[in-house]
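Colleague: This is what each chain is made of:
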Amino acid sequence: GESVGLHLPTLSVQEGDNSIINCAYSNSASDYFIWYKQESGKGPQFIIDIRSNMDKRQGQRVTVLLNKTVKHLSLQIAATQPGDSAVYFCAESPGTYKYIFGTGTRLKVLA
Amino acid sequence: DTGVSQDPRHKITKRGQNVTFRCDPISEHNRLYWYRQTLGQGPEFLTYFQNEAQLEKSRLLSDRFSAERPKGSFSTLEIQRTEQGDSAMYLCASRPDRAISEAFFGQGTRLTVV
Numbered sequence: 057g058e059s060v061g062l063h064l065p066t067l068s069v070q071e072g073d074n075s076i077i078n079c080a081y082s083n084s085a086s087d088y089f090i091w092y093k094q095e096s097g098k099g100p101q102f103i104i105d106i107r108s109n110m111d112k113r114q115g116q117r118v119t120v121l122l123n124k125t126v127k128h129l130s131l132q133i134a135a136t137q138p139g140d141s142a143v144y145f146c147a148e149s150p151g152t153y154k155y156i157f158g159t160g161t162r163l164k165v166l167a
Numbered sequence: 437d438t439g440v441s442q443d444p445r446h447k448i449t450k451r452g453q454n455v456t457f458r459c460d461p462i463s464e465h466n467r468l469y470w471y472r473q474t475l476g477q478g479p480e481f482l483t484y485f486q487n488e489a490q491l492e493k494s495r496l497l498s499d500r501f502s503a504e505r506p507k508g509s510f511s512t513l514e515i516q517r518t519e520q521g522d523s524a525m526y527l528c529a530s531r532p533d534r535a536i537s538e539a540f541f542g543q544g545t546r547l548t549v550v
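Protein chains in written order, with our numbering: chain X, 57 to 167; chain F, 437 to 550.
Among the clues, some could well be false.
Covered by chain F, per the in silico footprint, the following chain X stretches (three or more residues, Cβ under 8 Å) [unchecked claim]:
| no. | segment |
| --- | --- |
| 1 | 85-92 |
| 2 | 95-109 |
| 3 | 143-154 |
| 4 | 158-166 |
Treat the hints as calculated values from the structure; they're not laboratory data. Where a beta carbon is used, it is the ideal one built from N, C-alpha and C, also for glycine.
Using the sequences and the hints, build the whole thing.
Modeller: Now the structure itself:
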């Protein structure tokens, strides 16, 4: 069935270093991908998105890379800060109106 | 606050009781979603509305669950005869009627069934 998975359940990064969070997806029909950040007790917050006709998209301190050949998505956070500590989810939209989420990666920023 | 609003934020109920949650989406958003999230998991799709029409219900949504969006604005999610397995965070999201766009989530309603 359709699934969105994450390679690492927990990622610990030193403050100031770059973080890379990876995600694999299985539906070749997915044409839109989103990264969300979720802090404890809060709803998911949009970070950045990318369409399937792009390989890379940059935001403020964040970059999303899409490799359709191997169905892989990554989120890069530059100069990781304590406020970046949260659970990060990738989600895919397989040409429909809904989003399919993975199980999430917890990012811990070490001081 | 112009974001997605959910009420209540927390609900503790006894098994067998009925509960109802409310979601107020961003005003110009036609599309509204309900998701359920358990600890350590990603949100799971429950149901979707376009305006007042409920267009899809997940197999996760048993007969005890019902959702409405009567005027195409706010939505309610009711769970009848709650079970302990219903304990979860219930998230509402909305998005505009563009072909591709992100969904904006509310803060969720945390349900605990005791």
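Colleague: If you check each hint against the structure, which ones fail?
Modeller: Nothing - there is no hint that the structure violates, so all of them hold.
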